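Sequences are here, hints too, so could you generate the full structure?
2 protein chains.
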Amino acid sequence: MTIAEQIRQIAENARKASHRMARLSSGAKNDLLLAMATTLELGTPGLIAENAKDLEAGAAKGLSAAMLDRLMLDDQRIKGMADALREVAALPDPVGEVTKMWKRPNDLMVGKMRIPLGVIGIVYEARPNVTADAAALCLKAGNAVILRGGSEAIHSNRAIAALLQGEMTKAGIPAEALAVIPFTEREGVLEMLKQEDLIDLIIPRGGESLIRFVVEHSKIPVIKHYKGVCHLLVDASADFAMAEKIIINAKTQRPGVCNSLETLLIHKDAAPQFVPQIAAALSNLKVELRGDEIFREHAPQAKVATEQDWHEEFLDLILACRVVGSLDEAIDHINTYGSLHTEAIVTSDYANAQRFIREVNSSCVLVNASTRFADGNQLGLGAEIGISTTKLHSFGPMGLEDLTTTKFIVYGDGQVRC
Amino acid sequence: MTIAEQIRQIAENARKASHRMARLSSGAKNDLLLAMATTLELGTPGLIAENAKDLEAGAAKGLSAAMLDRLMLDDQRIKGMADALREVAALPDPVGEVTKMWKRPNDLMVGKMRIPLGVIGIVYEARPNVTADAAALCLKAGNAVILRGGSEAIHSNRAIAALLQGEMTKAGIPAEALAVIPFTEREGVLEMLKQEDLIDLIIPRGGESLIRFVVEHSKIPVIKHYKGVCHLLVDASADFAMAEKIIINAKTQRPGVCNSLETLLIHKDAAPQFVPQIAAALSNLKVELRGDEIFREHAPQAKVATEQDWHEEFLDLILACRVVGSLDEAIDHINTYGSLHTEAIVTSDYANAQRFIREVNSSCVLVNASTRFADGNQLGLGAEIGISTTKLHSFGPMGLEDLTTTKFIVYGDGQVRC
Numbered sequence: 001m002t003i004a005e006q007i008r009q010i011a012e013n014a015r016k017a018s019h020r021m022a023r024l025s026s027g028a029k030n031d032l033l034l035a036m037a038t039t040l041e042l043g044t045p046g047l048i049a050e051n052a053k054d055l056e057a058g059a060a061k062g063l064s065a066a067m068l069d070r071l072m073l074d075d076q077r078i079k080g081m082a083d084a085l086r087e088v089a090a091l092p093d094p095v096g097e098v099t100k101m102w103k104r105p106n107d108l109m110v111g112k113m114r115i116p117l118g119v120i121g122i123v124y125e126a127r128p129n130v131t132a133d134a135a136a137l138c139l140k141a142g143n144a145v146i147l148r149g150g151s152e153a154i155h156s157n158r159a160i161a162a163l164l165q166g167e168m169t170k171a172g173i174p175a176e177a178l179a180v181i182p183f184t185e186r187e188g189v190l191e192m193l194k195q196e197d198l199i200d201l202i203i204p205r206g207g208e209s210l211i212r213f214v215v216e217h218s219k220i221p222v223i224k225h226y227k228g229v230c231h232l233l234v235d236a237s238a239d240f241a242m243a244e245k246i247i248i249n250a251k252t253q254r255p256g257v258c259n260s261l262e263t264l265l266i267h268k269d270a271a272p273q274f275v276p277q278i279a280a281a282l283s284n285l286k287v288e289l290r291g292d293e294i295f296r297e298h299a300p301q302a303k304v305a306t307e308q309d310w311h312e313e314f315l316d317l318i319l320a321c322r323v324v325g326s327l328d329e330a331i332d333h334i335n336t337y338g339s340l341h342t343e344a345i346v347t348s349d350y351a352n353a354q355r356f357i358r359e360v361n362s363s364c365v366l367v368n369a370s371t372r373f374a375d376g377n378q379l380g381l382g383a384e385i386g387i388s389t390t391k392l393h394s395f396g397p398m399g400l401e402d403l404t405t406t407k408f409i410v411y412g413d414g415q416v417r418c
Numbered sequence: 001m002t003i004a005e006q007i008r009q010i011a012e013n014a015r016k017a018s019h020r021m022a023r024l025s026s027g028a029k030n031d032l033l034l035a036m037a038t039t040l041e042l043g044t045p046g047l048i049a050e051n052a053k054d055l056e057a058g059a060a061k062g063l064s065a066a067m068l069d070r071l072m073l074d075d076q077r078i079k080g081m082a083d084a085l086r087e088v089a090a091l092p093d094p095v096g097e098v099t100k101m102w103k104r105p106n107d108l109m110v111g112k113m114r115i116p117l118g119v120i121g122i123v124y125e126a127r128p129n130v131t132a133d134a135a136a137l138c139l140k141a142g143n144a145v146i147l148r149g150g151s152e153a154i155h156s157n158r159a160i161a162a163l164l165q166g167e168m169t170k171a172g173i174p175a176e177a178l179a180v181i182p183f184t185e186r187e188g189v190l191e192m193l194k195q196e197d198l199i200d201l202i203i204p205r206g207g208e209s210l211i212r213f214v215v216e217h218s219k220i221p222v223i224k225h226y227k228g229v230c231h232l233l234v235d236a237s238a239d240f241a242m243a244e245k246i247i248i249n250a251k252t253q254r255p256g257v258c259n260s261l262e263t264l265l266i267h268k269d270a271a272p273q274f275v276p277q278i279a280a281a282l283s284n285l286k287v288e289l290r291g292d293e294i295f296r297e298h299a300p301q302a303k304v305a306t307e308q309d310w311h312e313e314f315l316d317l318i319l320a321c322r323v324v325g326s327l328d329e330a331i332d333h334i335n336t337y338g339s340l341h342t343e344a345i346v347t348s349d350y351a352n353a354q355r356f357i358r359e360v361n362s363s364c365v366l367v368n369a370s371t372r373f374a375d376g377n378q379l380g381l382g383a384e385i386g387i388s389t390t391k392l393h394s395f396g397p398m399g400l401e402d403l404t405t406t407k408f409i410v411y412g413d414g415q416v417r418c
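Respectively, the protein sequence lines represent chains V and H.
Just so we're aligned: 62 in full-length UniProt numbering is position 62 of the first sequence, and the numbers increase by one with no gaps anywhere.
Just so we're aligned: 320 in full-length UniProt numbering is position 320 of the second sequence, and the numbers increase by one with no gaps anywhere.
Note that these hints are calculated values from the structure, not bench results.
To be clear about the criterion: a stretch of chain V counts as covered by chain H if any three or more of its residues have a C-beta under 8 Å from a C-beta of chain H, and this derived list gives those stretches:
(1) 19-28
(2) 112-119
(3) 233-246
(4) 376-386
(5) 405-416
Note that the structure is predicted; figures quoted are calculated from it, not measured.
Positions of the beta carbon are idealized from the N, C-alpha and C atoms, including for glycine.
Next up, the structure:
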């Protein structure tokens with residue numbers, strides 16, 4: 001069979017298996033996830049042996065030390081994968097939830113019930129733990145899943161999937177509901193992205209170039225997020241000690257991630273007192289400041305911010321800083337340069353807090369809290385399957401519910417339409 | 001300017017105007033819609049004059065009488081458009097609704113708030129009333145809208161839009177939030193479908209070929225529905241009088257629409273008594289029956305159903321009929337041949353009703369009611385912007401809420417992440 005034929009068959013089998021997945025009880029799904037966790041732990045020696053093949057091939061190919069570290073599995077990381085499966089088992093099952101129900105004038109009872117999406121394709125890069133994490137979330141939400149990991153991790157991914165599939169077979173659940181694309185040619189991804197009649201959703205997990213490649217070639221809806229240019233506005237009425245604490249957390253706690261702070265906006269009335277304070281604190285922490293003219297009047301150590309700096313996701317200890325004349329000017333800045341990811345305000349003013357919450361339409365909007373909370377776990381979704389900065393279907397961090405849709409259910413007693 | 005440049009500018013202006021739309025109060029939006037309704041009624045003579053140009057051009061081009069009728073505006077139809085605007089004004093505003101809110105262990109209050117999608121593109125065919133209907137729904141949900149109607153209706157569409165835009169200007173609302181593509185070349189649609197950074201959603205309204213054209217060429221998410229192959233299962237325990245009444249309604253009340261019945265499934269234990277009864281009733285109403293072997297044993301007047309008949313959306317007084325051995329066999333048939341649109345069961349058995357509701361994952365699933373209720377108005381959504389048989393974002397009839405998304409809102413008092 002050609003690659004195209006094999007991919008077609010995998011997708012057809014996954015579609016068929018998805019009907020079985022959709023009918024599984026919560027108990028059966030949870031038992032499966034717990035059994036999968038145990039089998040991963042028991043299979044540690046085998047997983048480490050397969051992982052060694054990937055590490056060897058990666059070293060021979062000259063992968064960077066950072067890449068090799070992301071690829072590496074050891075006892076602790078395998079234990080981590082198993083624990084993540086147990087956490088997914090502990091989450092409430094979204095399938096079957098009736099999110100609302102109402103009565104029509106003709107006595108029809110109409111409701112909306114959560115159901116699985118069907119078949120979900122995940123395209124990801126080096127880290128092999130995604131194989132277990134993503135599979136667990138998709139299966140728990142009653143879906144079938146087709147995984148296409150990076151070629152560097154192919155032995156590890158296959159070994160993990162084989163253990164998980166073994167537990168499915170033991171439980172009488174079709175293992176085709178957890179498919180791994182078995183070859184590493186790029187043609188495999190391209191063929192997968194064509195199966196619009198069999199795959200309901202594609203989630204790419206990885207860097208911007210992977211995501212752009214998937215969006216470019218997919219006939220299937222893609223949930224994506226390119227970058228996070230997150231803003232924080234220090235209002236005139238802000239508690240400056242609170243603002244300093246939140247800005248330092250948002251910028252420095254983990255600068256390389258998408259919900260870290262990239263642009264600081266400061267109300268002009270706060271600037272004379274607060275700019276020197278925050279500039280000193282951030283400079284002490286080795287954060288490079290790039291400010292507009294007014295910011296630099298109060299913080300001469302700052303470099304000159306260029307137009308490009310307002311667009312930039314630095315992912316590093318660099319912060320663009322601008323003084324704004326009003327809340328409206330701040331919102332205009334965010335609308336012009338933002339990425340719809342996450343924005344925060346620090347304020348003591350009730351009306352400004354409410355306006356910021358209402359009028360800033362990024363996927364996560366915070367008052368008096370760090371942008372670093374824009375994360376599925378931190379917001380209370382349980383595990384996170386990804387984050388979306390496009391507005392269709394999901395917007396922001398995505399949990400189990402985002403792997404479902406709703407159907408209309410109607411209970412009648414003989415009604416016909418006039 | 002080239003067509004491409006003009007479309008780009010329209011989309012840029014709409015995007016800018018969408019920020020203003022998103023901040024409008026419900027009162028301002030409702031006042032606008034009511035003013036638009038009045039201006040359409042007052043503008044009737046002008047609309048009819050512009051419509052006459054389309055009718056004349058259509059007749060010269062040899063459009064069918066049915067097409068010309070769909071194109072035609074008269075006093076009553078203009079009154080109908082105005083009343084539809086008033087109905088949209090009367091609907092609750094989805095924007096700003098907090099759909100849920102919860103407290104985290106660190107006392108952060110986290111919620112989800114409905115916000116507009118942003119800019120919505122509507123691509124539609126002959127009927128000029130879509131110009132007013134679709135604009136009203138998009139604007140009410142706080143969006144900007146770009147309309148691209150059929151070339152046959154260009155004068156009518158422009159005249160309707162001009163009246164509506166006039167009311168926006170009077171109210172101080174940017175008229176760019178209601179844009180009409182001003183030329184009829186196909187290039188206009190193609191350019192519109194490329195503006196993925198400016199337009200959030202495309203909704204095609206029209207026949208399958210229009211929808212396929214849009215899906216084929218769009219870089220923007222498309223909400224679509226190709227066809228409705230709706231099924232009804234008569235369970236062994238069904239009240240046969242109720243079943244007959246519902247089947248006749250579902251098949252014959254309006255056979256040319258997507259929620260009419262196309263395939264009838266009958267439990268084998270019901271077949272000896274019910275097949276002769278329903279076959280006689282439907283034959284009396286001039287419905288052509290195409291049955292499987294067992295069905296035809298009890299209804300010799302039925303033609304032989306072919307494999308293709310199970311896939312068919314007849315949109316006519318034709319019904320495919322099959323006798324099934326069990327509820328599972330019925331569900332398998334629906335999974336194999338269905339279009340995920342609408343399915344119904346007629347039963348007196350509690351467990352079978354609940355299983356059908358849970359296990360059939362089409363966009364609308366009914367017990368003891370006609371498939372004809374799968375409609376936004378009938379289900380209680382108010383007006384309907386369209387219907388989706390793909391599961392992303394919306395599934396089934398779509399109302400105002402489906403023209404919004406949700407963002408996360410977070411109220412803190414200084415929390416940072418550890």
